[in-house]
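Colleague: Each chain, written out:
Number of protein chains: 2
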Amino acid sequence: MNAGHIQPSERVATVIAELKELFGERLAVGEAIRRQHANSLTFLDAQLPDAVVWPESTADVVAIVRQASALAVPLIAFGAGTSLEGHVNAPDGGIAVDFSRMNRVLQVRPDDLDCSVEAGVTRQRLNADLRDTGLFFPVDPGADHATLGGMAATGASGTTTVRYGSMRDNVLNVTVVLASGEVVKTAQRARKSSSGYDLTRLMVGSEGTLGLITELTVKLYGTPEHVIAAVVAFASIAGACRASTQAIQLGLNVARLELLDTPQIRAVNIRSKLALLEAPTLFVEFHGSLESCTKDLETFRAMAEAEGAQNLRAASDEDGRRQLWKARHDALWAVKSSWPGREALVTDVAVPLSHLAAAVEETVADIAAHGLIAPIVGHVGDGNFHAIVMFDPHDTSEAKTVEAFLDRLVERALRFEGTATGEHGIGQGKRRFLLREHGAGVDVMRTIKQALDPKGIFNPGKVI
Amino acid sequence: MNAGHIQPSERVATVIAELKELFGERLAVGEAIRRQHANSLTFLDAQLPDAVVWPESTADVVAIVRQASALAVPLIAFGAGTSLEGHVNAPDGGIAVDFSRMNRVLQVRPDDLDCSVEAGVTRQRLNADLRDTGLFFPVDPGADHATLGGMAATGASGTTTVRYGSMRDNVLNVTVVLASGEVVKTAQRARKSSSGYDLTRLMVGSEGTLGLITELTVKLYGTPEHVIAAVVAFASIAGACRASTQAIQLGLNVARLELLDTPQIRAVNIRSKLALLEAPTLFVEFHGSLESCTKDLETFRAMAEAEGAQNLRAASDEDGRRQLWKARHDALWAVKSSWPGREALVTDVAVPLSHLAAAVEETVADIAAHGLIAPIVGHVGDGNFHAIVMFDPHDTSEAKTVEAFLDRLVERALRFEGTATGEHGIGQGKRRFLLREHGAGVDVMRTIKQALDPKGIFNPGKVI
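Protein sequences, first through last, are from chains A and X.
Position one of the first sequence corresponds to residue 1 (our numbering), numbered consecutively onward.
Position one of the second sequence corresponds to residue 1 (our numbering), numbered consecutively onward.
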């Protein structure tokens, strides 16, 4: 830990004292609490904030921003701490703004297929609230406790993005507190608008570096009439990738389309006591009518068999679907618990569909060539896949091998006209790739950051 | 015309002379040419540029921007001149940059369902090029000669947006020349990315005020397996709106959903020699399989009949569909030719679906109460509708009535949490509404504009 954080600078101490008067028990400086709010899910070292504050309203957030802005003290937005690139670390100290008490579902509007929520509402809680309406919010980043504010900030997506889009596609507006303390609602609720610059999409994915999101309005969808899930093993990972891209190219009503490679299947077999064929495996889900799902499944089966697949198993009842998808749900946990003592570096590249098979094949060969442990799980319908590198944090030579692998992986994705991060964001962990991916675009991002947050109070050391 | 434009300032004259050396015949200063490049489609007065230049490459555009930027001379991007809010006017003079010679389809990638084009490619040309691939580009703003660069700049949408989204949803990246002369490609081609700020969506809809778009990559879609079109008349306009919103709420596979009100139907009956029942009428199109289209049509028929509809006519063959949709295609032309000597002010509000019926009903009553001629056509599946106000440009008292109507219409849309412009953009014509809709958000837009275009060379007098 940086000594500067044990003895906070006078400016930070002043702001903490001022906020303590305003927030009382809703501001804490104890180390345990601060440690809970520094990144702990990744290989990145924890960097603790000097204090944590719990606002309960947009007005509270304005008060926090005004105090912090006056003395140029960093503010780090904290949702549930489920981000994977060190987004909630506090490299320059400052104050973590924890949105967990801003957890009201403000309004559900079934007729408009949208709802407005405070930033701290979790996706699980929202969907529980929606259960009786016949509607659901589809974006599913895997972390059930992820907050909608945090998901908007990182531009999250997940297993259903292939059908329903990412946060960029599903946020209609955000209410954001700017460095000036001004409150801006980025748009109204019309389904489309050409009115001025798209501030909504500028804030979505800005990772807390341009302002603090306090409320947002998101799209909802009708629960599908019928759902069929299927699991099918392939002779080769390239064949699994080709079957995936064909399903998208043919326009099947795919709502989820996930790949687990052989090491990943082996890990879930052991950890979740399953008996899956140890081969590259696709997990797919079709949403639609009974007729369309049935037809899509048969088309998919034929395509899969042409790519050397066997033993396709399908289910449409909820229990059966849950059984089939269990391996996918347990994937990350199975990997983490299979190699105790090792830490996970979850990579996140995405490439155009036509390059998916080649990008995955090259990555598998790279993993083997360097003796890495790195099971692969992928949202392959979007061309996005994660190699989960399990490394020994105490082995400095392995750390270098992992870093070099990550570099090659990102270079490969960029060579295939892809991206360093499909859904996890830049945070701290991927900053060195931003320039390689965006070139002069980084100047534009930096100009925008400088113009909207001239003192650099919002999440310093992230993205830019 | 402003005398300052007849005798261009020394700065403009210098830049024109410099560009003349570089571009020769591809730079023109004749009044007829300049007049073709000033706005002529709307009630706004034409404001001519001092010259027109035709780049043939991104490098040409860089050269133009560098010269103009050095002397702070305005540059006005010109696609096909089909925008409706004075976007191509030159209130401060300057140089129109006509992209019509940047009209190459650079690459079509059927496996990735995308293609890259130069900014001057028209949507009609692109779809003609795509015909043999089984793919199409769906965004259809009505103007066949609209260029993809212009459509991206205005964040265009249209009849198919209810199914396929607007330009904001369909542009994967743009290549843009900034005020500094730097060339930025805003993203790679992965279907999703969380890498840095969303510069693509910042440029889409920026109306040529932040940079000049020279190339773009857009999503393509498979031609639907089956299409059914239907036309159905309603007893009331509110009933037609309610049937529309129900179709969306139920998740029918609606690909187009358009409303024409009674005056609009009367106009097309006369001008296109049709014999439609003169009543509020919905034009709908379903895309999907034969089964899903048939089922959707029957669901829609039942919903429509419950709202007092009658005489639903449907067709699935191309000729039959074209016949059914003729009234919709001819709508704007029919209105314009029905009142010769009058000019059209095409309004463009959009509201959340639950408020559509009320917003349209109030607007119809408002039109009647003020004796205006204003047939309505709407992309009602998106909650977007256009009252086409036909006014006498020589009648100053009517101009005031029209202006007051437009004010009330926008206020009504905002009261219903909607937008002043669903798809036409702000341009010159709607600048006075920007603050009302966005409040402090306009400060953010102005800050971004100032940061990225400090000399204000890009399309001055628009948006901000």
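Careful: at least some of the hints might be erroneous.
Identical copies go unnamed one by one, so any copy, or any two together, can satisfy a pair.
[Stated by the list, open to error] In silico SDA-like pairs for lysine to any residue, Cα to Cα no more than 20 Å straight-line:
(1) K20 with M303
(2) K219 with Q246
(3) K219 with G165
(4) K295 with H226
(5) K455 with G251
(6) K219 with L250
Read the hints as simulated data drawn from the structure, not as lab findings.
Colleague: Is it within, between, both or neither when you check K455 against G251 at 20 Å Cα-Cα?
Modeller: The answer is neither: 48 Å in one copy and 47 Å across copies each exceed 20 Å.
Colleague: With identical chains treated as interchangeable, where does the CA-CA distance between K295 and H226 reach 20 Å or less: within a copy, between copies, both, or neither?
Modeller: both (12 Å within a copy, 15 Å between copies)
Colleague: With identical chains, the pair K219 and G165 could be close in the same copy or across copies; at 20 Å between alpha carbons, which is it: within, between, both, or neither?
Modeller: both (11 Å within a copy, 14 Å between copies)
Colleague: Can you give me the call for K219 and Q246, within, between, both or neither, at a CA distance of at most 20 Å?
Modeller: between (28 Å within a copy, 16 Å between copies)
Colleague: Between K20 and M303, at a C-alpha cutoff of 20 Å, which is it: within one copy, between copies, both, or neither?
Modeller: neither (62 Å within a copy, 58 Å between copies)
Colleague: Is it within, between, both, or neither for K219 and L250, if the alpha carbons may be no more than 20 Å apart?
Modeller: between (26 Å within a copy, 15 Å between copies)
When held up to the earlier numbered hints, the structure conflicts with 1, 5 and fits the remainder.
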